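Residue numbers (the numbering used here), protein chains in the order written: chain X, 1 to 113; chain D, 1 to 108.
Some clues are possibly wrong.
Claimed, not checked - Derived EDC-like pairs: lysine to aspartate or glutamate, alpha-carbon spacing no greater than 20 Å straight-line:
hint	chain 1	residue 1	chain 2	residue 2
1	D	42	X	22
2	D	95	X	98
3	X	3	X	79
4	D	2	X	38
5	D	2	X	59
6	D	103	X	98
7	D	42	X	38
8	D	45	X	26
9	D	95	X	17
10	D	95	X	79
Unchecked claim - Here are some chain X residues the structure puts well away from chain D; computed CB gaps all over 12 Å:
hint	residue
11	2
12	88
13	91
14	96
15	100
16	103
Think of the hints as simulated: they come from the structure by calculation, not from any bench.
Since the structure is predicted, the reported quantities are computational estimates derived from the model, not experimental observations.
Quick reminder that beta carbons are idealized off the backbone N, C-alpha and C, glycines included.
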Amino acid sequence: DVKVTQSSRYLVKRTGEKVFLECVQDMDHENMFWYRQDPGLGLRLIYFSYDVKMKEKGDIPEGYSVSREKKERFSLILESASTNQTSMYLCATTMGGEAQPQHFGDGTRLSIL
Amino acid sequence: RKEVEQDPGPFNVPEGATVAFNCTYSNSASQSFFWYRQDCRKEPKLLMSVYSSGNEDGRFTAQLNRASQYISLLIRDSKLSDSATYLCVVGNFNKFYFGSGTKLNVKP
């Protein structure tokens, strides 16, 4: 079974703080993704990475950056947290190639006060 | 127009009922199709991939209609434990598009 581990289930931070969300996978998957999920809006893609040191913007990258220094780890960074970044953050991975499903971590419920 | 559209429900059905969800997608070049289940405040979990010929896994049957650009999920003999939100996901190369989910409540 694929194991995708997110560093925190719940996190509370203050406006203006720099926030790091970590995601680690153990299946040597090429592709990793960060989403946020909000009621009524579904899952929205923030960034994804298809290889070490490679990254591509998703649909809502503003206010976020990412880092992929090792294949198994994909970090999401909130440069200066704001209240509108309060959300559920989900990391996902897939193998390379077509028709491979995504596997999700448990999610991080982040609150910015 | 959204890439993937689903009826949000909720679908309220009694135990033992058969229930079907549809999902439409806008990009005719889409390559891969999936149904995920998501419980309240949890992560989405893969329920099944959807293949062109249709496929079945126990009480669950998935169908793909490329001509009309929709996929469907049929659940037979509903159980209380089937209560969840069902997400339709459509993939095109390395990008995935999610429906907002259909909520199912199975009642005793």
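The hints, checked one at a time:
1. Taken as a hint, the residue 42/D and residue 22/X pair is honoured in the structure, with Cα atoms around 18 Å apart against an allowance of 20 Å.
2. Under the criterion of a C-alpha separation no larger than 20 Å, the hint pairing residue 95/D with residue 98/X is consistent with the structure, at around 10 Å.
3. Under the criterion of a C-alpha separation no larger than 20 Å, the hint pairing residue 3/X with residue 79/X is inconsistent with the structure, at around 27 Å.
4. Of the supplied pair hints, the one linking residue 2/D and residue 38/X holds, its CA atoms being roughly 16 Å apart against a limit of 20 Å.
5. This hinted pair checks out: residue 2/D and residue 59/X have alpha carbons roughly 13 Å apart, not beyond 20 Å.
6. A hinted pair counts as satisfied when its Cα atoms are at most 20 Å apart, and residue 103/D with residue 98/X does not qualify at roughly 28 Å.
7. Distance restraint check for residue 42/D and residue 38/X: the Cα-Cα separation of roughly 13 Å lies within the 20 Å cut-off, and the hinted pair is therefore satisfied.
8. Of the supplied pair hints, the one linking residue 45/D and residue 26/X holds, its CA atoms being roughly 17 Å apart against a limit of 20 Å.
9. Our distance criterion of 20 Å between C-alpha atoms is broken by residue 95/D and residue 17/X, whose separation comes to about 30 Å.
10. Among the hinted pairs, residue 95/D with residue 79/X is inconsistent with the structure: their alpha-carbon atoms are about 25 Å apart, more than 20 Å.
11. Distance check on residue 2/X: its Cβ comes as close as 10 Å (rounded) to a Cβ of chain D, failing to clear the 12 Å threshold; non-interface status is violated.
12. Not every CB of chain D is more than 12 Å from the CB of residue 88/X (nearest about 8 Å), against its label as outside the interface.
13. At roughly 9 Å from the closest C-beta of chain D, the C-beta of residue 91/X falls inside 12 Å, breaking its exclusion from the interface.
14. A beta-carbon of chain D is positioned within 12 Å of the beta-carbon of residue 96/X; the least distance is around 8 Å.
15. Separation of residue 100/X from chain D is inadequate, the least Cβ-Cβ distance of about 7 Å not exceeding the 12 Å criterion.
16. With a minimum CB-CB distance of about 7 Å to chain D, residue 103/X fails to clear the 12 Å threshold, and the non-interface call is violated.
Checked against the numbered hints listed earlier, the structure breaks hints 3, 6, 9, 10, 11, 12, 13, 14, 15 and 16; every other hint is satisfied.
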